[in-house]
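Chemist: The primary structure of each chain is shown beneath.
Number of protein chains: 2
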Amino acid sequence: MISVNEAKQIIRENATTTRVVEIPLNEAAGYVLAVPVYAPIDTPPFNQSAMDGYAFSFAKWDKYSDFTIVGEGKAGDDVTFEVKPLEAVRIFTGAVLPKGADTVVMQEKITTQGESIRIHDEQLIKGCNVRPRASQTKKDETVLPENHYLSPSSVSFVAGLGIDKVKVYDYPRVSIIVTGNELIKPGQKRTGGEIYESNSYGLMAALNQIHITPKSVEMVADDEEKLTEAISRQLDSDIILLTAGVSVGDYDFVIPALEKCGVQKLFHKIKQKPGKPLYFGKRQNALVFGLPGNPASALTCFYEYVTEAISAFIKRKINRDYILTLAASYTKKPDFNYFLKGKCKGNEVAILNHQESYMMNSFALADCLIELEAGKEYFQKGEKVKVRMII
Amino acid sequence: MISVNEAKQIIRENATTTRVVEIPLNEAAGYVLAVPVYAPIDTPPFNQSAMDGYAFSFAKWDKYSDFTIVGEGKAGDDVTFEVKPLEAVRIFTGAVLPKGADTVVMQEKITTQGESIRIHDEQLIKGCNVRPRASQTKKDETVLPENHYLSPSSVSFVAGLGIDKVKVYDYPRVSIIVTGNELIKPGQKRTGGEIYESNSYGLMAALNQIHITPKSVEMVADDEEKLTEAISRQLDSDIILLTAGVSVGDYDFVIPALEKCGVQKLFHKIKQKPGKPLYFGKRQNALVFGLPGNPASALTCFYEYVTEAISAFIKRKINRDYILTLAASYTKKPDFNYFLKGKCKGNEVAILNHQESYMMNSFALADCLIELEAGKEYFQKGEKVKVRMII
Chain A
143 MISVNEAKQI
153 IRENATTTRV
163 VEIPLNEAAG
173 YVLAVPVYAP
183 IDTPPFNQSA
193 MDGYAFSFAK
203 WDKYSDFTIV
213 GEGKAGDDVT
223 FEVKPLEAVR
233 IFTGAVLPKG
243 ADTVVMQEKI
253 TTQGESIRIH
263 DEQLIKGCNV
273 RPRASQTKKD
283 ETVLPENHYL
293 SPSSVSFVAG
303 LGIDKVKVYD
313 YPRVSIIVTG
323 NELIKPGQKR
333 TGGEIYESNS
343 YGLMAALNQI
353 HITPKSVEMV
363 ADDEEKLTEA
373 ISRQLDSDII
383 LLTAGVSVGD
393 YDFVIPALEK
403 CGVQKLFHKI
413 KQKPGKPLYF
423 GKRQNALVFG
433 LPGNPASALT
443 CFYEYVTEAI
453 SAFIKRKINR
463 DYILTLAASY
473 TKKPDFNYFL
483 KGKCKGNEVA
493 ILNHQESYMM
503 NSFALADCLI
513 ELEAGKEYFQ
523 KGEKVKVRMI
533 I
Chain B
143 MISVNEAKQI
153 IRENATTTRV
163 VEIPLNEAAG
173 YVLAVPVYAP
183 IDTPPFNQSA
193 MDGYAFSFAK
203 WDKYSDFTIV
213 GEGKAGDDVT
223 FEVKPLEAVR
233 IFTGAVLPKG
243 ADTVVMQEKI
253 TTQGESIRIH
263 DEQLIKGCNV
273 RPRASQTKKD
283 ETVLPENHYL
293 SPSSVSFVAG
303 LGIDKVKVYD
313 YPRVSIIVTG
323 NELIKPGQKR
333 TGGEIYESNS
343 YGLMAALNQI
353 HITPKSVEMV
363 ADDEEKLTEA
373 ISRQLDSDII
383 LLTAGVSVGD
393 YDFVIPALEK
403 CGVQKLFHKI
413 KQKPGKPLYF
423 GKRQNALVFG
433 LPGNPASALT
443 CFYEYVTEAI
453 SAFIKRKINR
463 DYILTLAASY
473 TKKPDFNYFL
483 KGKCKGNEVA
493 ILNHQESYMM
503 NSFALADCLI
513 ELEAGKEYFQ
523 KGEKVKVRMI
533 I
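Order-wise, the sequence lines are chains A and B. In terms of the working numbering, the first sequence has 221 at position 79, counting the first letter as 1, and numbering is strictly consecutive. In terms of the working numbering, the second sequence has 389 at position 247, counting the first letter as 1, and numbering is strictly consecutive.
The reader is advised that the hints may include incorrect statements.
[Stated by the list, open to error] Distance ranges between label pairs, derived from CB positions:
{"hint": "1", "chain 1": "A", "residue 1": "427", "chain 2": "B", "residue 2": "201", "range": "23 to 29 Å"}
{"hint": "2", "chain 1": "B", "residue 1": "426", "chain 2": "A", "residue 2": "523", "range": "52 to 58 Å"}
{"hint": "3", "chain 1": "B", "residue 1": "201", "chain 2": "A", "residue 2": "523", "range": "48 to 54 Å"}
{"hint": "4", "chain 1": "B", "residue 1": "268", "chain 2": "A", "residue 2": "490", "range": "34 to 40 Å"}
{"hint": "5", "chain 1": "B", "residue 1": "178", "chain 2": "A", "residue 2": "177", "range": "47 to 53 Å"}
{"hint": "6", "chain 1": "A", "residue 1": "204", "chain 2": "B", "residue 2": "367", "range": "40 to 46 Å"}
{"hint": "7", "chain 1": "B", "residue 1": "268", "chain 2": "A", "residue 2": "517", "range": "28 to 34 Å"}
{"hint": "8", "chain 1": "B", "residue 1": "528", "chain 2": "A", "residue 2": "459", "range": "20 to 26 Å"}
{"hint": "9", "chain 1": "A", "residue 1": "165", "chain 2": "B", "residue 2": "528", "range": "32 to 38 Å"}
{"hint": "10", "chain 1": "A", "residue 1": "155", "chain 2": "B", "residue 2": "531", "range": "30 to 36 Å"}
{"hint": "11", "chain 1": "A", "residue 1": "374", "chain 2": "B", "residue 2": "496", "range": "50 to 56 Å"}
[What the hints assert, rightly or not] Within a straight-line C-alpha distance of at most 25 Å, the following computed DSS-like cross-link-like pairs (lysine-lysine) qualify:
{"hint": "12", "chain 1": "A", "residue 1": "331", "chain 2": "B", "residue 2": "457"}
{"hint": "13", "chain 1": "A", "residue 1": "307", "chain 2": "B", "residue 2": "474"}
{"hint": "14", "chain 1": "B", "residue 1": "251", "chain 2": "A", "residue 2": "357"}
{"hint": "15", "chain 1": "B", "residue 1": "474", "chain 2": "A", "residue 2": "457"}
{"hint": "16", "chain 1": "A", "residue 1": "528", "chain 2": "B", "residue 2": "150"}
{"hint": "17", "chain 1": "B", "residue 1": "474", "chain 2": "A", "residue 2": "251"}
{"hint": "18", "chain 1": "A", "residue 1": "459", "chain 2": "B", "residue 2": "307"}
{"hint": "19", "chain 1": "A", "residue 1": "459", "chain 2": "B", "residue 2": "459"}
{"hint": "20", "chain 1": "A", "residue 1": "280", "chain 2": "B", "residue 2": "485"}
{"hint": "21", "chain 1": "A", "residue 1": "241", "chain 2": "B", "residue 2": "418"}
{"hint": "22", "chain 1": "A", "residue 1": "487", "chain 2": "B", "residue 2": "457"}
{"hint": "23", "chain 1": "B", "residue 1": "251", "chain 2": "A", "residue 2": "474"}
{"hint": "24", "chain 1": "B", "residue 1": "268", "chain 2": "A", "residue 2": "474"}
{"hint": "25", "chain 1": "B", "residue 1": "459", "chain 2": "A", "residue 2": "487"}
{"hint": "26", "chain 1": "A", "residue 1": "251", "chain 2": "B", "residue 2": "411"}
{"hint": "27", "chain 1": "A", "residue 1": "280", "chain 2": "B", "residue 2": "413"}
{"hint": "28", "chain 1": "A", "residue 1": "251", "chain 2": "B", "residue 2": "418"}
{"hint": "29", "chain 1": "B", "residue 1": "487", "chain 2": "A", "residue 2": "487"}
{"hint": "30", "chain 1": "A", "residue 1": "413", "chain 2": "B", "residue 2": "251"}
{"hint": "31", "chain 1": "A", "residue 1": "307", "chain 2": "B", "residue 2": "331"}
{"hint": "32", "chain 1": "B", "residue 1": "459", "chain 2": "B", "residue 2": "357"}
{"hint": "33", "chain 1": "A", "residue 1": "411", "chain 2": "B", "residue 2": "251"}
{"hint": "34", "chain 1": "B", "residue 1": "331", "chain 2": "A", "residue 2": "309"}
{"hint": "35", "chain 1": "A", "residue 1": "331", "chain 2": "B", "residue 2": "281"}
{"hint": "36", "chain 1": "A", "residue 1": "281", "chain 2": "B", "residue 2": "327"}
Keep in mind the hints are simulated off the structure, nothing from the lab. Keep in mind the model is a prediction, meaning the values are calculated, not measured. By construction, the Cβ of each residue, glycine as well, lies at the ideal position given by its N, Cα and C atoms.
All chains should be modelled from the sequences, with the hints used to inform the complete structure.
Modeler: Now the structure itself:
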């Protein structure tokens with residue numbers, strides 16, 4: 143058995159694959175840039191009015207003379223004419239500033255006298271209410287670096303440059319294989335020793351939260367041959383998640399089936415509760431997680447370990463981790479790292495009841511996992527603890 | 143002009159519609175329950191072995207005698223036989239405990255003597271390694287309340303009850319209409335006074351982050367008739383987002399078009415920077431936001447106001463808000479509430495450069511919006527400020 147930190151280290155060392163894809167910009171939010179973005183144009187692409195008003199040349203104005211209105215420019219117009227000294231153009235927000243003009247006075251700050259206008263604006267200085275060409279981006283300069291996370295505002299920014307495709311780190315292809323003779327699908331009638339299969343639901347939901355749809359979800363009986371077939375069909379995945387059958391009992395066929403498929407074991411069993419039997423292996427670029435069968439253990443191992451592999455693939459951190467204050471004291475077995483279902487309130491975190499690995503009722507109410515590290519038995523109320531948000 | 147708080151209050155008072163839908167459980171993560179979930183079965187549905195080992199009746203054991211092995215039960219088996227005193231059954235994790243048995247000894251804690259086993263486990267007590275029937279849920283009891291947020295662990299829990307459909311608050315149908323003669327789509331060649339349309343990209347991405355796909359996205363010219371037609375086609379939406387054309391200039395047709403469509407104005411203009419011209423109206427159940435045309439203003443108003451309406455519809459908070467420490471002092475106009483692009487580092491938040499409402503380059507790098515409230519001019523380094531996370 144290895145420690146939690148050793149296990150995470152092994153995952154990080156082996157999660158070295160990424161895949162770069164070019165995708166439409168309107169699907170790119172949440173991805174990370176695989177190459178920098180260069181500005182193909184100046185933005186704004188021209189000197190642009192920031193207001194509805196009148197554009198003119200400030201330098202040629204004596205602060206007293208009126209202006210003759212010689213034209214109009216609204217957003218979208220291809221303004222080609224030029225204003226001369228003491229000429230002004232009626233202009234609207236977003237419009238091209240005519241040649242010769244460098245300043246816009248707001249329409250609220252003028253009075254009209256027939257064909258001419260008089261300016262009443264003490265604060266007006268050269269360049270007022272104008273967005274100069276290239277004041278946001280200059281053509282050909284790097285505007286977003288490689289590894290930049292594409293937030294909605296990044297997507298809007300990139301669209302404004304006229305770019306409609308971006309190269310990003312793709313999401314991994316994930317396969318889910320749940321195993322167990324006892325499993326039936328929710329919605330069916332249960333009899334005898336059957337129980338409802340819930341692990342694929344929890345894992346799909348957790349993947350869905352990070353915008354990943356698994357490429358396949360299968361339910362396979364405790365049968366080495368069938369398992370071997372199912373695994374071998376998914377070896378083109380980036381990540382394979384199996385649940386149950388990872389102990390060394392008479393009916394635990396996951397590990398022998400993985401061996402038959404040529405998957406190399408990288409670790410098996412961690413000093414933790416829940417999730418002690420966690421298995422991790424690799425075959426070429428496919429990373430394989432043998433998650434425990436208990437739903438709370440499976441999902442805990444997803445949040446603590448599978449996310450490490452996904453993070454490495456998509457080049458961004460998935461979890462929000464905090465240091466919070468423990469609301470009540472807790473005693474645990476000293477040799478094991480505990481991951482406990484918790485609920486945050488302000489800067490405090492409470493350990494929920496029903497921590498057993500088959501109990502999902504507390505997990506359903508939890509908003510975080512609290513990590514109580516190995517090597518320590520007693521955790522006192524008020525102590526600072528590591529917390530990983532799961533909602 | 144009204145204050146930020148007044149505007150948010152008006153949105154909350156008018157965002158009173160919800161829609162309940164029944165959806166498949168494997169699509170339900172992220173939704174909120176519209177009705178409580180009742181357990182249709184006991185879980186576990188039977189006394190269940192938590193280990194690979196041997197099941198027997200503890201009370202009838204004198205602590206010294208050996209047990210005769212009379213059968214085997216593995217997960218999924220319909221175990222119908224009964225064990226008698228000093229009989230044991232070979233049992234595996236997840237299996238039904240045979241009638242007469244109440245305790246499981248782990249396989250590591252026995253020695254075999256031909257057909258019988260001897261137990262070597264000082265700590266063994268009655269009920270060890272058994273998950274009693276109904277110890278997680280009892281049939282017909284409420285296990286999740288109305289308004290419960292369906293996290294992945296909740297979904298797993300509900301699946302384990304055998305439930306494959308849930309009634310939840312649906313996401314709103316959102317329509318996006320971007321307006322402006324100057325707009326062309328990214329990817330096309332730009333000339334003259336044209337600029338690239340970016341608002342629909344930013345808004346779609348922000349909606350996508352909360353798992354909403356807009357029902358329609360349209361680009362409409364500054365033409366009152368065309369706008370009126372476009373809006374009237376979308377009046378069956380729950381939320382309509384328009385961008386630009388909400389000022390009172392000669393080419394701002396959004397507000398007259400909304401009036402023609404029977405949309406009732408609830409507010410127009412807020413004492414804030416950016417986003418002063420924000421409009422909010424309603425027609426029957428459709429909530430209408432007239433967002434400013436500047437991309438930074440439009441997206442800021444989305445995060446600060448549109449999310450209020452979406453939150454009310456889906457019955458959950460969308461944003462994570464924190465109180466953080468300002469990294470440097472800042473002076474602003476006292477009458478206005480400012481929303482500034484910021485970047486968090488630990489408990490500190492820095493105000494980014496380029497806060498102008500047409501500047502998306504800073505927004506692209508921001509991870510939060512910092513709110514500096516109206517009625518105050520100077521904000522000192524080290525002061526606590528409100529922060530809304532946007533990534």
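Chemist: Could you see if the CB distance from residue 178/B to residue 177/A stays within 47 to 53 Å?
Modeler: With Cβ atoms ~50 Å apart, the hint holds.
Chemist: Going straight from one Cα to the other, do residue 251/A and residue 418/B come out at no more than 25 Å?
Modeler: The given pair, whose Cα atoms are some 19 Å apart, holds under the 25 Å limit.
Chemist: Given the hint that residue 459/A pairs with residue 459/B, test it: the Cα-Cα distance must not exceed 25 Å.
Modeler: holds (22 Å)
Chemist: Range first: 23 to 29 Å. Now tell me if the beta carbons of residue 427/A and residue 201/B are that far apart.
Modeler: violated (55 Å)
Chemist: 30 to 36 Å was suggested as the range; check whether the CB atoms of residue 155/A and residue 531/B agree with it.
Modeler: holds (31 Å)
Chemist: If I claimed the Cβ atoms of residue 268/B and residue 490/A lie 34 to 40 Å apart, would that claim hold in this structure?
Modeler: Once the Cβ atoms are compared, 37 Å apart, the range 34 to 40 Å for residue 490/A and residue 268/B holds.
Chemist: Given a hinted range of 20 to 26 Å, is it respected by the beta-carbon distance of residue 528/B and residue 459/A?
Modeler: At 24 Å between Cβs, range holds.
Chemist: For the pair supplied as a hint, residue 241/A and residue 418/B, confirm whether the alpha-carbon distance does not exceed 25 Å.
Modeler: Status violated; Cα separation ~30 Å.
Chemist: When you check the alpha-carbon spacing of residue 459/B and residue 487/A, does it fall within 25 Å?
Modeler: holds (15 Å)
Chemist: Would the hint linking residue 459/B and residue 357/B be met if the CA-CA limit is 25 Å?
Modeler: holds (22 Å)
Chemist: Is the hinted pair residue 474/B and residue 251/A satisfied, with a Cα-Cα distance of at most 25 Å?
Modeler: holds (23 Å)
Chemist: Residue 281/A and residue 327/B: Cα distance at most 25 Å?
Modeler: Holds: residue 281/A and residue 327/B sit about 18 Å apart, inside 25 Å.
The earlier numbered hints that this structure contradicts are 1, 3, 12, 13, 14, 15, 16, 18, 21, 27.
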